[in-house]
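> Chain by chain, the residues:
Protein chains: 2
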Amino acid sequence: MRIFGIDPGSDRTGYGCIEAEGARHRIVLSGAIATSAHASFPEKLLAIHTGLSALLAECCPDCVAIENLFFATNARSALKLGHARGVAMLAAVEAGLPIAEYTPAEVKRAVVGYGRAEKQQVQQMVKLLLGLSALPTPHDAADALAVAICHSHGLVASARVSVPVDRGKAATSWRHYRPARP
Amino acid sequence: MRIFGIDPGSDRTGYGCIEAEGARHRIVLSGAIATSAHASFPEKLLAIHTGLSALLAECCPDCVAIENLFFATNARSALKLGHARGVAMLAAVEAGLPIAEYTPAEVKRAVVGYGRAEKQQVQQMVKLLLGLSALPTPHDAADALAVAICHSHGLVASARVSVPVDRGKAATSWRHYRPARP
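One line per chain: the protein sequences are Y and E, in this order. If you use this note's numbering, the first sequence corresponds to residues 1 to 182, in order. If you use this note's numbering, the second sequence corresponds to residues 183 to 364, in order.
Please note that the accuracy of each hint is not assured.
[Claimed, not checked] Lysine-lysine pairs mimicking DSS-like chemistry, simulated, CA-CA at most 30 Å apart:
| no. | chain 1 | residue 1 | chain 2 | residue 2 |
| --- | --- | --- | --- | --- |
| 1 | Y | K80 | E | K262 |
| 2 | Y | K80 | Y | K119 |
| 3 | E | K301 | E | K262 |
| 4 | Y | K119 | E | K262 |
| 5 | Y | K80 | E | K309 |
It is worth saying that the hints were derived from the structure and are not from the lab.
Make the full structure from the sequences, and use the hints.
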């Protein structure tokens with residue numbers, strides 16, 4: 001099973017694709033889409049969406065695993081994150097892929113065995129589980145690989161997995177107002 | 183000048199397109215994309231993005247005006263709204279359109295003349311300014327028309343207008359890790 005993990009962020013979106021066979025994992029690729037500090041916010045969203053769409057087409061994963069938002073940050077940055085996460089999810093659903101969502105605590109529990117593990121412990125475990133010679137960088141890439149590994153460890157009972165249906169079914173009604181022609 | 187207003191929401195996204203010539207306004211169309219209660223969250227995002235992209239292609243506006251998020255609601259619903267707003271902005275930037283953002287207070291001030299006006303007052307003024315025979319429904323459509331009217335009243339000094347640049351320029355670096363071939 002090929003799993004594509006995403007750690008969304010408006011400044012940097014980490015991604016990591018793994019292949020899981022039972023308890024064995026193999027890295028396919030990982031990295032981060034870093035957006036320019038000079039780019040406008042909509043342009044950043046476009047870069048994230050375009051980048052992820054291209055990567056999903058290249059990797060052909062069976063599903064996408066995405067980190068759930070962490071609610072404890074301030075509202076402003078959480079809202080920005082919501083935008084980035086929205087276009088990331090869109091890229092996945094446009095590719096017709098099921099999407100599994102995990103909270104940071106679920107990811108840590110699945111990878112390290114402890115929901116309040118430190119970021120460094122997660123990175124070390126990602127390195128170990130994937131047999132890498134060095135820590136995955138940037139840390140967003142390691143986080144994305146961690147969420148992919150989390151998904152490979154069997155679906156957590158609390159995971160929200162969205163299986164794609166037919167396009168168009170999701171919109172129930174479009175109400176149009178059009179002025180009558182004179 | 184043709185302006186396409188958007189009032190984003192994950193359950194219902196209002197839209198309204200107007201044509202402004204000096205102080206005169208004419209409605210082109212308005213409505214709302216209502217997403218099915220049975221649809222998954224990613225499917226709702228897909229429906230919003232697909233719907234808005236089709237409407238922008240149909241209306242050929244000169245710019246898009248979008249309501250800024252209201253920060254006082256609870257964090258959970260604001261985060262959901264962030265996702266919807268992200269895919270709405272993406273549809274606009276993919277269409278190569280400049281995006282202007284206005285807070286609810288700016289919209290009310292521009293349309294009613296008072297930043298703390300009631301929703302009903304805004305709807306009545308939208309009806310009056312566009313010469314409609316009835317109140318625009320649903321209220322999300324009226325809100326979208328209001329933000330379009332707000333933009334037509336000259337760019338508010340505080341408006342954040344993003345002008346599109348070349349695609350691809352927004353992403354500065356892509357760091358890829360790929361395992362060496364054995």
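> Hint by hint, note whether the structure agrees.
A quick look at each hint next to the structure:
1. Of the pairs offered as hints, the one joining K80/Y and K262/E holds, with about 11 Å between alpha carbons and a cut-off of 30 Å not exceeded.
2. With a CA separation close to 22 Å, the supplied pair K80/Y and K119/Y stays within the 30 Å bound.
3. Using a Cα cut-off of 30 Å, the hinted pair K301/E and K262/E holds, with the two alpha carbons roughly 22 Å apart.
4. Between K119/Y and K262/E the alpha-carbon distance is near 26 Å, which keeps this suggested pair within the 30 Å criterion.
5. Between K80/Y and K309/E, the direct Cα distance comes to roughly 33 Å. Violation of the 30 Å bound is thereby established for this hinted pair.
Hint compliance for this structure: hint 5 is the single one not met.
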